[in-house]
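Residue numbers (our numbering), protein chains in the order written: chain A, 1 to 308; chain R, 1001 to 1207.
None of these hints come from the bench; they were simulated from the model.
This one's a predicted model, so the numbers in the text were calculated from it and none came from an experiment.
Cβ atoms here follow ideal geometry from the backbone N, Cα and C, with glycine treated the same way.
Relax, there's no trap hidden among the hints.
Facing chain A, a subset of chain R residues (Cβ under 7 angstroms, in silico):
#, residue
1, Q1186
2, F1199
3, G1204
Keeping only pairs whose Cα atoms sit at most 25 angstroms apart, straight-line, the calculated BS3-like set for lysine-lysine is:
#, chain 1, residue 1, chain 2, residue 2
4, A, K272, A, K183
5, A, K160, A, K230
6, R, K1122, R, K1102
7, R, K1135, R, K1102
8, A, K96, A, K230
9, R, K1122, A, K55
10, A, K55, A, K306
11, R, K1155, A, K248
12, A, K163, A, K183
13, A, K248, A, K55
14, A, K95, A, K230
15, A, K272, A, K230
16, A, K55, R, K1114
17, A, K95, R, K1122
18, A, K96, A, K306
19, R, K1122, A, K230
20, A, K118, A, K248
21, R, K1114, A, K96
22, A, K248, A, K160
23, R, K1155, A, K160
24, A, K201, A, K183
25, A, K163, A, K248
26, A, K55, A, K95
27, A, K306, A, K95
28, R, K1122, A, K96
29, R, K1114, A, K230
30, A, K230, A, K163
31, A, K118, A, K201
32, R, K1114, A, K95
33, A, K95, A, K272
Computed footprint of chain R on chain A; a stretch qualifies when at least three of its residues, placed anywhere within it, have a C-beta under 8 angstroms from a C-beta of chain R:
#, stretch
34, 47-54
35, 230-236
36, 239-251
37, 255-264
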Amino acid sequence: MTRRGLTLAATLALVAALAAGLVVATSPPRPATAQDAPAVTVQRAHAASATPTLKRRVVLLTIGSDSGAPRFGRGGSVESGRADALQLVIIDTVKKRGSILSFPRDSYVPIPGHGTNKINAAMSFGGPRLLVTTFEQLTGLTIDYYALTSFDGLTDIVNKVGKVQVNVDMNLRDSFAGAFLDKGRRNLTGGQALAYARARKTLPGGDFDRSRHQGQLLVGGLATYQRQVKEDPAKVMTWLGIIRDEVKTDLSFPELLRLALLATDVPASGIKNIAVPSVAGSAGGASVVRLLPGAYSLFGRLRAGKLS
Amino acid sequence: MIVAARNQSKFRVAALAGVLAGVLLAAGCTSGGGSEGHGQASGPPAGSAARAQPLQVKLVTMAKVPPGGPSARRAAEQAQPGLERFLDRYLTAAFVDAAGRKGGWGGLLRLFDKPVRASARKQLDALSLGADAAKVSAVRPGRASARAVVLYGEKRPAAATVRLAFDGTADTAKGSGQVHLRSVLQLLATGEGWRIAAFDSRTGPPK
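Same shape as in the complex, but just chain A (with noise of 0.2 angstroms):
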């Protein structure tokens, strides 16, 4: 072939492939049929979570005991202690909120089969049970489950769990209870954290700040849990060790499981902490706490499901 033959050639193989190009790409858009195949398969995307659906209104007593905690020199048995930090954690399972009421270890309350005492006692009296059945008289409200730990424990968990985040509301120089710690959002250890829930000497609300920062404690446990169960979700079954191994209850395993599901799904912020309307007073010569009028409505409030 000439060169002026082939310069033919391949002009007209361009002008043919430009026109076969064009009408394609111009043409309207085929529907799809069967003999399209093989088929594009395009999919829609689903997605779908869920936590287990337990009661409307789940009521759990927290509860942190003077005793069994060797590595603070407290001997004795953990359920045969004082109960010196007291909070009644009540979750709205529907709405996904709640409240942590916070007592005051000295509430001076009538406790079944003992008179009137101070409510840290009625542990020592008859163990978590008699505990549950004082706070149940006291505020009407059905307890579900008890939660029970010691110093030893509370260390050991956020140790554990490494650190737990806590709003600390005032600056604190508490040599009692070896707290030291500035005002603000803080990555409590476990000995910081039992100290935060301890000092109570310096602070200038005394038992009331005390009861406040240990409802404080469990929000930010609340928060640090689901902190860290949304970057793994394995941390689930950290936690419940950790819980398991430290912490006595009467929730069984699949509940203990069921609740801890549950709490990934109940935001932190929507956690009140309320600490329990009450005034110092005494009796029998000894310092106690009474509740004002103000408890009693709160836990009407709550009976009749106005307060989560």
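Knowing the structure of chain A, use the given hints to seat chain R on it.
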């Protein structure tokens, strides 16, 4: 979950690429060569159904043990077969045996713990072939892998977190397509075996 459809935009892009290729070829800027086709997702090669692999879950298990309990390794080894069987049952009920199903997900739902079963029933599309099961004639399992962290009780597994990934091919009257599942399952050991106590699950194209 599966929709058979021609991807028209891909077809147009391929046509424009053809124009460009023609120009380049004519200009002598390329040595030519075969085309990679039109960029469409490939369907199953002829006879692939006959070569379908059986479902086999590749599971890696870790265990968390209580003080004084068995070693973590031993606990993991002990938990592994039961977990594998459970995941096999799940994927079989959710995908392999679900082809052609027009309802009746009882077998799958029984694998869920009661407090979460109603939620699972409402969200089957994210847990299984779901509503598209009726359109599917067969599911050919591909990769099925899982990583489990098992919480060991005193003598036996008590709970586990499982990250599950499953890819398969679904055959429909209009062709074949991929099915994918990515799930995090929180499992509870019960007297009847493992049950799903919570889930975070997704079907559709992997991210």
